Structures are given as C-alpha cells and as structure tokens.
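Guided by the hints, dock chain B onto chain A, whose structure is given.
Just so you know, the sequences run in chain order A and B. Going by our numbering, the first residue of the first sequence is number 1, and it counts up by one from there. Going by our numbering, the first residue of the second sequence is number 291, and it counts up by one from there.
Just so you know, these hints were derived from the structure itself, not from any lab. Model, not experiment: these values are computed from the prediction. Check before you lean on any hint, since a few could be wrong.
Within a straight-line C-alpha distance of at most 25 Å, the following computed SDA-like cross-link-like pairs (lysine to any residue) qualify [what the hints assert, rightly or not]:
| no. | chain 1 | residue 1 | chain 2 | residue 2 |
| --- | --- | --- | --- | --- |
| 1 | A | K232 | B | Q386 |
| 2 | A | K147 | B | I318 |
| 3 | A | K147 | B | T306 |
| 4 | B | K316 | A | E206 |
| 5 | B | K316 | A | D214 |
| 6 | A | K232 | B | F294 |
| 7 | B | K295 | A | K147 |
| 8 | A | K232 | B | D359 |
| 9 | A | K237 | B | H416 |
| 10 | A | K243 | B | S355 |
| 11 | B | K384 | A | N235 |
| 12 | A | K232 | B | T404 |
| 13 | B | K409 | A | S201 |
| 14 | B | K384 | A | I245 |
| 15 | B | K313 | A | D153 |
| 16 | A | K237 | B | A382 |
| 17 | A | K243 | B | A327 |
| 18 | B | K313 | A | L204 |
| 19 | B | K313 | A | L152 |
| 20 | B | K417 | B | M291 |
| 21 | A | K237 | B | Q386 |
| 22 | B | K409 | A | D153 |
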Amino acid sequence: MAKFNTEQAGNSLVVRCEDHLNHANGQEGIEIIQGAFDRAKISGSGIIRIVLDLREKFEFDHAFLRGVSRVALEMRKHGIALLALGVPPTARNLLKETGMDSAIRVVTLEDLSEKKADASAPAARKSPAIDVAFINPFLEGVLHVLKVQCSLDATGKPLALKDPNQRYTSDIAGVIGIVSKSFSGSVSICFPSATFLGIMSRMLGEEYTEITRDLEDGAGELLNMIFGHAKKVLNEKGYTLDKAIPTIVRGDNIEMRQISPGPTVILPFTSPVGDFRVEVSVDRPFSEKN
Amino acid sequence: MFDFKTKVLVVDDMMTMRKFVMKTCKEIGFTDFVEAADGALGWEAINASGSAIGLVISDWNMPNSTGVDLLRRVRGDSRFKNLPFLLVTAEAEKHQIVEAMQAGVSGYVIKPFTTDVLKQKLEEVHKKLSG
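The following block holds chain A by itself, in its conformation from the complex (with noise of 0.2 Å):
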C-alpha cells in the first residue's frame, strides 16, 4: 500500500506520494485525488487548486494518468486546477499527445510561485467561486435587503458549489446577468412560491396567497437592491461592475440551469417564511479584472 500525505498550504491542497507510484498502487492514487477533491468541494474549504506532488516517486503509468485526468475534467466544472509537479517527460509527452494536458496542467517548482502560478496557469487563477470577498456582498445584501425591506431577519446557510447533477427547482426567480472588466455571469434569486408570498406579504402589508403576474415583478426588485448593495461594494474594491437589468423567470418547479464554463455558487438563506438561495454564477474569472 502507498503511503500518501496530504496537506493544505493555503488555498491549495498538496497530495504527496511518499513511496513509487505504479500500476500497482495507482488506483489507490486516484481514490486519495478524489478524496481531496471531495474535500476541496465541500463549501467553505476555501480551495482553488489541488497539486500532485510526484516528485522522484513516479513510475510511467498509463491507467493512472487516465483516472487522474478524469478526476481533473469533473474538479474543473468545480471551479478547481489540478496541478502535477514532478512529470517526467514520457508522461508529459503522453498528456500532451492524447490531450489529457487539458485536465492536468503540469508544473515546475517555480510555476508554484504565486506570482508564476498566476501568470501561466490560467486554471489555476483564483476561482470566483470560493473567493468570499466577492461573495460576501451579495450575502450581506440579501440579509440587508430583507431586513429593511421586508422587516425580515434571514440567516445564511453554508456556501455551496451547485453540483451539475442534481436539480435545484423554484417556482419564481430573478436574474441579472452582468458583463464588466472584471466578471461576467449571473445572479440569481430563487423561491419556492410559499417563501416568496410571505417576502412579499411582509413587504407590501398585505396577504398575498398566489403570485400574480403584478407581484412577480417583486423577485426582480429585491435582486435589484441586493445587486445594489453588492455592486457599491465590490466597485469600491476596484472591480467594474455595470448597471444591470433583472429578468424574471416564472413557473412551477422550474430549474435554473446556468450555461457557464464556471462554476455556480449556491448561498442557501433560511427566513420565517421559508428557504430560498441565491445563485451567483461565473463565466471568467476575477483575476482577469487587473
């Protein structure tokens, strides 16, 4: 059995091999890389990046660099590099000649610099996704919004990348899609119809038992004032974002699907009157705004 360790340093997960990795143990391998990617994915972990250090312990081996590529592609949708040091050049001829460099970028030593790293590995660039200072704003929005708004008190639950395969439904949402300098993508606001008629009851003072086409336009204003607060702040923190117009999006179950290279950042908020999430998407990364 390989002995594998695995560390995190700073905002990336280092997975070492301590003994010669082969066909014999490589299975084993790609099971500890998904462990870390499993790890990485969890909300909150604040990972952007998982390296494989193998270093003088790897032996040529097809079938792990396949498993590990296949790793790679399903931690890309997450928003997340895998980086490979220590690639000797057989290997990396065999990434290079059927692709999977694609999914495994291959470092040196002095790639991982923070400053290299940023300037030639593009999938390794600080991902929107788990980047809280871009998140906050629309956190606090939220709670904002519906506080003064609708004399509401929501609590935010865990941050969570959307997984692509499982279905997240609502039966009334507001969208605003955002193109800048700095980030292109969407916000959404999603609610289920009970939640988002006791927002609006709260925020009209009346009692509202089905939403009206009148009342639909409701979702886009509250997103309007949460995109609002959002963009005053991060402007002052030197992104660009742009006036934006909200769209609705209105029926039962109805998924919202974004269709986005990035990943999808779900914030799940709890309130007296019921769940809702807002989802902030991603199609280029912040690191492009400088």
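Relative to chain A, chain B alone:
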C-alpha cells in the same frame, strides 16, 4: 412636513415598488396617490393634473423614460419649477447624483429604505423648499 392631503405621484416600472412606496407614504400619513409606470407616463399624469400633484416620488432607472428624464421635463416647465421631486434608486453613483442635482432634484433616497428614512427625506425636502 408636507400637508398629508398632498397628492403624491409615484413613478416606478415595478408595480411592487410602487405599492411599497405608497404603503410607506400611507404609514407617514399621505392618502392621495397617482401611479405611473415610467417617466413619460409620469409626465402625462403631471400635465393632466395641472397643479393637483404636490409631490413626485420617482424611480431613477426605468426603461423608456428614466426618473431623470421626467425630472428634466418637470423642471423645464415653469409651472412645475418648484414641484417637490424625490428620486429613488438602488445604486446611486456619484456621477448620477451630480446629474440629478444639476437637473434640479429636491432629494434622493437609496433602496432599500424604511418608513423613517423616507419620512426624514421628505422632511428635508419640505424644509429645503420652504426655506
């Protein structure tokens, strides 16, 4: 403070926000309202009312005709030169505020806001225009 019999024109493309503004104004004491869904319709309402409308509370960002468009038309007509005009916005940027000031806005309020905040803003507007 304003005479609560004053007719208030509430302009917003979002019905829920018009309802919210009217609900908040009712809590302050106002009872008489006219609604419009954008700046152009707001202008029609002001024109049609003659001098009956005594206060305008308008959203800033609206499709077709914005709150500032409406403000410019209002201030461009000598009959409404002193009509109290409050702009409401979710994202007031410095250049927007300067633009609204130059167009002759009486005051502005940032969403979300409470009844107390709106009341205070209206008191400031009334004081400014009375002084």
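Checked hints:
1. Distance restraint check for K232 (chain A) and Q386 (chain B): the Cα-Cα separation of roughly 13 Å lies within the 25 Å cut-off, and the hinted pair is therefore satisfied.
2. Annotation: proposed proximity of K147 (chain A) to I318 (chain B) holds, straight-line Cα distance about 19 Å (limit 25 Å).
3. Between the alpha carbons of K147 (chain A) and T306 (chain B) the distance comes to roughly 17 Å, so the proposed pair stays at or under 25 Å and holds.
4. At roughly 13 Å between alpha-carbon atoms, K316 (chain B) and E206 (chain A) fall within 25 Å of each other, so this suggested pair holds.
5. Restraint check: the Cα-Cα separation between K316 (chain B) and D214 (chain A) comes to about 20 Å, which is no more than 25 Å; the hinted pair holds.
6. Simply put, K232 (chain A) and F294 (chain B) have alpha-carbon atoms about 34 Å apart, too far for the 25 Å limit, and the pair is violated.
7. About 30 Å separates the Cα atoms of K295 (chain B) and K147 (chain A), which puts this hinted pair outside 25 Å; it is violated.
8. Using a Cα cut-off of 25 Å, the hinted pair K232 (chain A) and D359 (chain B) holds, with the two alpha carbons roughly 24 Å apart.
9. Straight-line distance between C-alpha atoms of K237 (chain A) and H416 (chain B) comes to about 36 Å, which puts the hinted pair past the 25 Å bound.
10. Restraint check for K243 (chain A) and S355 (chain B): the C-alpha separation of about 16 Å stays at or below 25 Å, so the hint holds.
11. Between K384 (chain B) and N235 (chain A) the CA atoms are separated by roughly 12 Å; this keeps the pair inside 25 Å, and the hint holds.
12. A distance of roughly 19 Å separates the Cα atoms of K232 (chain A) and T404 (chain B); the hinted pair therefore holds under the 25 Å criterion.
13. Under the criterion of a C-alpha separation no larger than 25 Å, the hint pairing K409 (chain B) with S201 (chain A) is consistent with the structure, at around 22 Å.
14. A threshold of 25 Å between alpha carbons decides the hint, and for K384 (chain B) with I245 (chain A) the separation of about 20 Å falls inside it, so the pair holds.
15. A C-alpha spacing of about 20 Å is found between K313 (chain B) and D153 (chain A), which places the hinted pair at or below 25 Å, so the restraint holds.
16. Between K237 (chain A) and A382 (chain B), the direct Cα distance comes to roughly 17 Å. Compliance with the 25 Å bound is thereby established for this hinted pair.
17. As the CA atoms of K243 (chain A) and A327 (chain B) are separated by approximately 20 Å, the hinted pair is consistent with the 25 Å bound.
18. Between K313 (chain B) and L204 (chain A) the CA atoms are separated by roughly 7 Å; this keeps the pair inside 25 Å, and the hint holds.
19. As the CA atoms of K313 (chain B) and L152 (chain A) are separated by approximately 17 Å, the hinted pair is consistent with the 25 Å bound.
20. Of the pairs offered as hints, the one joining K417 (chain B) and M291 (chain B) holds, with about 8 Å between alpha carbons and a cut-off of 25 Å not exceeded.
21. For the suggested pair K237 (chain A) and Q386 (chain B), the alpha carbons sit about 20 Å apart, so the restraint of at most 25 Å is met.
22. A hinted pair counts as satisfied when its Cα atoms are at most 25 Å apart, and K409 (chain B) with D153 (chain A) qualifies at roughly 23 Å.
When held up to the earlier numbered hints, the structure conflicts with 6, 7 and 9 and fits the remainder.
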